[in-house]
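So the sequences go chain by chain: C and X. Note that numbering that gives the first Met the number 0 gives residue 254 to position 255 of the first sequence, counting from 1, and the numbers run on in steps of one. Note that numbering that gives the first Met the number 0 gives residue 163 to position 164 of the second sequence, counting from 1, and the numbers run on in steps of one.
If you're looking for bench data, these hints aren't it; they were derived computationally from the structure.
Since the list gives no way to pick one copy over another, a pair counts as held whenever it fits inside one copy or between any two copies.
Straight-line C-alpha distance at most 30 angstroms; calculated BS3-like pairs for lysine-lysine:
1) Lys113 - Lys184
2) Lys113 - Lys282
3) Lys170 - Lys282
4) Lys282 - Lys184
5) Lys321 - Lys47
6) Lys170 - Lys184
7) Lys225 - Lys321
8) Lys170 - Lys225
9) Lys47 - Lys225
Protein chains: 2
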Amino acid sequence: MNVRELQTPALLVDSAGLEHNLAAMAAALPGERLRPHVKAHKCTALAKRQAAAGHRTFTCATIGEVEGMAAAGLGEDLLLANEVADASRLGRVVADGARVTLAVDSEATIDAAKAGGVTEVLVDVNVGLPRCGCAPDDAGRLADHARHHGLTVRGVMGYEGHVVGLEDRTKRLERTAESMELLVKAHADVGGDLISAGGTGTFDINTWATEIQAGSYALMDTAYGKLGLPFVQALTVLATVISVSPGWAVADCGLKALGMDHGNPTTDAGDVWFCSDEHLTFKPSQPLEVGDRIRVIPAHVDPTVAYHDALYVTDGDEVVEKWPVDLRGW
Amino acid sequence: MNVRELQTPALLVDSAGLEHNLAAMAAALPGERLRPHVKAHKCTALAKRQAAAGHRTFTCATIGEVEGMAAAGLGEDLLLANEVADASRLGRVVADGARVTLAVDSEATIDAAKAGGVTEVLVDVNVGLPRCGCAPDDAGRLADHARHHGLTVRGVMGYEGHVVGLEDRTKRLERTAESMELLVKAHADVGGDLISAGGTGTFDINTWATEIQAGSYALMDTAYGKLGLPFVQALTVLATVISVSPGWAVADCGLKALGMDHGNPTTDAGDVWFCSDEHLTFKPSQPLEVGDRIRVIPAHVDPTVAYHDALYVTDGDEVVEKWPVDLRGW
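Just chain C, same shape as in the assembly (with noise of 0.2 angstroms):
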């Protein structure tokens, strides 16, 4: 099928920009080393390939996208990088036979995997993001506790999230080394194999992580495109000019697609006014016409992907696969 075919707003993977990145980070962070984060692409058959490259080990931000995980087979080792007040649903997926390691950061998340039958847990430690995770000194405390209940704790995770979209390199591992400071200060306290941290811009910075916890690298999106990383653009989102005005001209990919939290998408077709709801108008850089197709760059993967049912996988203007985006929803 030729692209011109498919229903617009539509997401198209580039597949020599795909495996490109695959293949870089791979490269980078053999095996284990990375723990691709399957929140960015939310799509089974994404993470297979990523199973390919050699990581067997993954990371997701939800119980829905552990749960798939598992159903498609990926469930050989699977972190929970989030806390959850009721780990019933991920205990049924430790009794269908995944390996499923949950974040606790409270007492309280700690009795939630013991009551949901959950037995594995990492400490998850705030170095220095707002969010999720114990105050470092806290973390040794915990894990007596966890250990106190029975749970096997595999050591600490901790997010640099507030340093991995610093555009400035040198500023990027200042920051990390000030946050992995506290994450090994507190893995010395709880102990563990797992040192797990960091994220697509510090993929080759954070060395004291065991393992890395990436996920845009596959795709990318125009905020982490800023960085110079070794990763190219292989997300677009497809849309076809509805509408041509003198000066500007409108296509139908909007809001409903497009993660708007990182600001308006970029394309090549011309600089953009604004997004609503379906529309995003521009002004072309070249005339247009009605039918003619566009490729928008998202500023945001992660919001982005979650808003469609497919990617379609193309090599050139041929779409050579479908990928289901199965892992939305919660």
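Knowing the structure of chain C, use the given hints to seat chain X on it.
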């Protein structure tokens, strides 16, 4: 079922609030004076409530919404208030017995309507928002072109989208008058019964239109909440507190559960700091514990609903109905 049993994040619709909004709008704009826009809720069960309130004509933003409304038995008079380059799917909906009117703003979109099997159109006129719509002076010529090709021209539409959100009512009134002066003049050139325009922010201001295309009024959001309209906030996102730190707390409701183009959501539980993919970080207004539930109010209803697969209708803390968000996608 009690709301405590719901997996979070979950969209809740307060039944009394919804009924209030539907009744208030039906009193102000009875029957065909309102052509409810389904893009805000994407839910045929909710559209059936609007039909029960007396509205039998509907506005859609996507081909998929038209197909879904027709399949749900709500195809008496559907307007796709948007241009398409390929109307063949709409032609099949017409062939199956629904009435579909399509917005056109160029010879190309008129030709697409004709080629696809759509027989009725509205001429979409630009009334000040740089998006779709022909120049007002072109409307008569396009109507002639459509009639020459055997299409029925039902009138004009023109969306004052640059006006509906203005917080100052006097300004909204002035700018609506300017926009509608253009539309009424175009209508004189085009003919037909319909002058279709307006939105929730101008529902009682736009007296030039024969029908108003409001949609957000049913559920509401914080952006429209600033306008002093007679509609109450009926939609909330239910979230669970998963982490509590000194100074802030985190709930499991993030960028993939909220449309973010109008900025951060709000919550009675405290001051919102920021959203991440699956997290809302906020400063609680009173002590919270892991497992506590909070209600989050989205800044923009349309792209929020589009992330979810169901609306849970509630009476207090009791879930009385589950409505699929069945008009998602394109």
